[in-house]
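Protein sequences, first through last, are from chains A and B.
Under the numbering used here, the first residue of the first sequence is numbered 1, with each subsequent residue one higher.
Under the numbering used here, the first residue of the second sequence is numbered 1001, with each subsequent residue one higher.
Simulated from the structure, these hints should not be mistaken for laboratory data.
Treat the hints with caution; some may be incorrect.
Calculated cross-link-like contacts (lysine-lysine; reagent style DSSO-like; alpha-carbon spacing at most 27 Å) [as the list claims (entries may be wrong)]:
1) K1001(B) - K1068(B)
2) K13(A) - K30(A)
3) K1068(B) - K52(A)
4) K1042(B) - K13(A)
Here are the chains, one letter per residue:
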Amino acid sequence: DAGVTQSPTHLIKTRGQQVTLRCSPISGHKSVSWYQQVLGQGPQFIFQYYEKEERGRGNFPDRFSARQFPNYSSELNVNALLLGDSALYLCASSLQGLTYEQYFGPGTRLTVT
Amino acid sequence: KQEVTQIPAALSVPEGENLVLNCSFTDSAIYNLQWFRQDPGKGLTSLLLIQSSQREQTSGRLNASLDKSSGRSTLYIAASQPGDSATYLCAVRGGQNFVFGPGTRLSVLP
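So that you can see chain B by itself, here it is in the shape it has in the complex (with noise of 0.2 Å):
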């Protein structure tokens, strides 16, 4: 059974930082990874998708990594700012299922 964990659970940091997420999932036989944002009561915001062949991929901002063989990936924002403050969570997609982690909840301070 697919289970994905996230650390850390939350962060707070000053405007302008540099941050890293962190995804951990316990089996390596994915399709894909999806990194979403979603703010309170909100529904989800799809960020940054990685097929199980990447290693990377890049958006504005955000770069988001992937390794397989390690069960991990990681979501990196640089230059943070106050609208980045939200729950990031990663999500799993093996065989007919799709596996969520229970989040990051970040605070960017200004």
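Pulled out of the complex, with its shape left as it was, chain A reads as follows (with noise of 0.2 Å):
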């Protein structure tokens, strides 16, 4: 079976774009979070869905927001991006929530010029 996918796997961006990034959850996981990863630190959560609802969120700006499909994929995105915005966006999916074993995708590395 596949594991956790993200794409792009690097990204470019300038000051004050926008970004959206994508994953897709191992079949028949229909909890998705996401998490920012600075380097040399540990990730910090910034959302959850389960069954395409938000069911926690982390303590961050609204420039972030997510949402889940049908298919319980899930998109990021980032609005006015800032210079601190660069980091490791880490996607991990569970069967149901965050009762269950999360399992993490290889990430997309954002920078922001």
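Using the hints, put the two standalone chains together into the complex.
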């Protein structure tokens, strides 16, 4: 079975632009979570979606938004990019929510110049 | 607010040693704790998941314990190998959030 997939792998954007990151969960998994990992730190929780509804949100500004589609894939959108948004963005899927084991994708490396 | 710390921040050991990585959390009201491994620039690989009702989990050379009342978890790695070199992260689930520690960077020297 394929694991969690994310696209694109790398992305370079300019300050003020908008970006969309994509995630496909493991087949059968209904929950997707998004994390931001700045170099040298542990990942920070951004969002959790389960059955297409937002079930959790971390301490991130409204410039960050996400959605989950009927096939359980998900998109993370970031508007008005700042230099500080440069990070590795990780997606994780689990069967039904955070109580279950989370499986992570390889991440999308976003660089904002 | 849940805070997770990991000690030590970095560790360098010769091949074959048994070692212990520590994870502490401030709020004992957790649902589970998960240990991950991360290679440089890569995603996270799940190692062990311990539910709040469990005391320990084992997988191969890895054993993780959980003491909710004291807010601690340890990851024991037996007979370390150079391939174990990576950053090890623990994360706790409480409410609708999932909080990671900063990680322990492990180097196993041949």
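Hint check:
{"no.": "1", "hint": "K1001(B) - K1068(B)", "verdict": "16 Å, holds"}
{"no.": "2", "hint": "K13(A) - K30(A)", "verdict": "30 Å, violated"}
{"no.": "3", "hint": "K1068(B) - K52(A)", "verdict": "32 Å, violated"}
{"no.": "4", "hint": "K1042(B) - K13(A)", "verdict": "21 Å, holds"}
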